[in-house]
Amino acid sequence: MFRVVRQPINLQELIDFVIDPEAGAIATFIGVTRNHNEGRKVIALEYEAYPEMAEQELARLGAEAARKWPIRRMAIVHRIGPVQISQPSVIIAVSSAHRDAAFAACRFAIEEIKRTVPIWKKEVYEGGEIWIGTQAGQPLTRS
Amino acid sequence: MKVKVKFFAILRERAGVAEITKEVEEGSTVGDLWQNLQREFPKLAVPGIRLLYAVNRNYVSPAQVLKDSDEVVFIPPVSGG
Chain A
1 MFRVVRQPIN LQELIDFVID PEAGAIATFI GVTRNHNEGR KVIALEYEAY PEMAEQELAR
61 LGAEAARKWP IRRMAIVHRI GPVQISQPSV IIAVSSAHRD AAFAACRFAI EEIKRTVPIW
121 KKEVYEGGEI WIGTQAGQPL TRS
Chain B
1 MKVKVKFFAI LRERAGVAEI TKEVEEGSTV GDLWQNLQRE FPKLAVPGIR LLYAVNRNYV
61 SPAQVLKDSD EVVFIPPVSG G
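Just so you know, the sequences run in chain order A and B.
Residue numbers for the first sequence, in this note's numbering: 1 to 143.
Residue numbers for the second sequence, in this note's numbering: 1 to 81.
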């Protein structure tokens, strides 16, 4: 399951998807929106994706994880659109026979998402906003 | 021939449009298209930005030669997660 969605993500749905009778472990990672970044107060966040390619890239990194570690099943769901502070923006679930593979694949997945998957986060501050990674946007005015 | 260009995130905001169709010359590369688009939409030239390039949903090099009906996307630094 590799999806980009506009609705809140349901953790249990991902866990149910990766449950496997051969698995002795399920690792999950939840990326949550934070109310500060580099000393500034974040008042709103928004994600945008190139959805067709993002889902394809998620599936590609899932296949790569399956080549690197003996995992059973993997699910990744990334939310886009406005996401309130403290809400999940991405959830990853991985099952494997033994825990090492599930932990490793879960870690690999979040690092790859941040590196290669065409999804962008905009942070809105008091008096400005930034597309993270571009160091551009409306200039920030500090009071 | 014609290609479809989609803009996302900062580039969508700076272009003021999410999608356009561009007439390109036979043999043009992805990099050529980007140079032309910056002339058409001067705000696309974000200082210091490092772009990746995608054609038909796969990452390619800027030297990739375009084909008719390609879907081209210029990908600003990603920041999902």
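No wet-lab data here; the hints were simulated from the structure.
Be aware that one or more of the hints could be misleading.
Stated by the list, open to error - Below, in silico cross-link-like pairs of lysine-lysine (DSSO-like), each with a Cα-Cα straight-line distance of 30 Å or less:
#1 LYS114/A / LYS43/B
#2 LYS4/B / LYS114/A
#3 LYS122/A / LYS6/B
#4 LYS68/A / LYS43/B
#5 LYS41/A / LYS4/B
#6 LYS67/B / LYS6/B
#7 LYS22/B / LYS4/B
#8 LYS122/A / LYS43/B
#9 LYS43/B / LYS41/A
Unchecked claim - Quick partial rundown of chain B residues pointing at chain A, CB under 10 Å, derived from the structure:
#10 GLY31
#11 TYR59
#12 ALA63
#13 ILE75
#14 GLY81
Unchecked claim - According to the in silico footprint, chain A covers these stretches of chain B (three or more CB under 8 Å from chain A):
#15 18-29
#16 45-58
Please read all numbers here as calculations on a predicted model, not as lab measurements.
Built from N, CA and C at the ideal position, the CB exists for glycine as well.
Worksheet entry | Given hint LYS43/B paired with LYS114/A - CA-CA distance at most 30 Å | Holds - the C-alpha atoms of LYS43/B and LYS114/A are around 26 Å apart, at most 30 Å.
Worksheet item: Given TYR59/B was flagged as interface, is its beta-carbon under 10 Å from a beta-carbon of chain A?
Response: holds (8 Å)
Worksheet item: Are three or more residues of the stretch 18-29 of chain B within 8 Å, CB to CB, of chain A?
Response: Result for this restraint: violated, n = 0.
Worksheet item: Taking a Cβ-to-Cβ distance below 8 Å as contact, does the stretch 45-58 of chain B have at least three residues touching chain A?
Response: holds (count 7)
Discussion item. Interface hint check: ILE75/B, Cβ to nearest Cβ on chain A, cutoff 10 Å. Holds or violated?
Written reply: At 5 Å from the nearest chain A Cβ, ILE75/B passes the 10 Å test, so the hint holds.
Worksheet item: Is the straight-line distance between the alpha-carbon of LYS122/A and that of LYS6/B 30 Å or less?
Response: Judged against 30 Å, a Cα distance of about 18 Å means the pair holds.
Item to complete: Measure nothing beyond the straight line between the CA atoms of LYS68/A and LYS43/B; if it is 30 Å or shorter, mark the hint as holding.
Response: violated (42 Å)
Fill in: Holds or violated: LYS4/B to LYS114/A, with C-alpha atoms at most 30 Å apart
Cα-Cα ~26 Å, so holds.
Fill in: Restraint check, 10 Å cut-off on beta carbons, for GLY81/B near chain A
Hint on GLY81/B: holds, closest Cβ of chain A at ~5 Å, below 10 Å.
Worksheet item: Within a Cα-Cα threshold of 30 Å, do LYS22/B and LYS4/B meet the stated pairing?
Response: It holds: about 6 Å lies between the C-alpha atoms, which stays within 30 Å.
Worksheet item: Between LYS122/A and LYS43/B, does the CA-CA distance stay at or below 30 Å?
Response: Measuring from Cα to Cα gives roughly 18 Å; hence the hint holds.
Discussion item. Just to be careful, I want the Cα atoms of LYS41/A and LYS4/B compared with a cutoff of 30 Å; is the pair within it?
Written reply: violated (38 Å)
The structure fails hints 4, 5, 10, 12, 15 (numbered hints given earlier, in ascending order).
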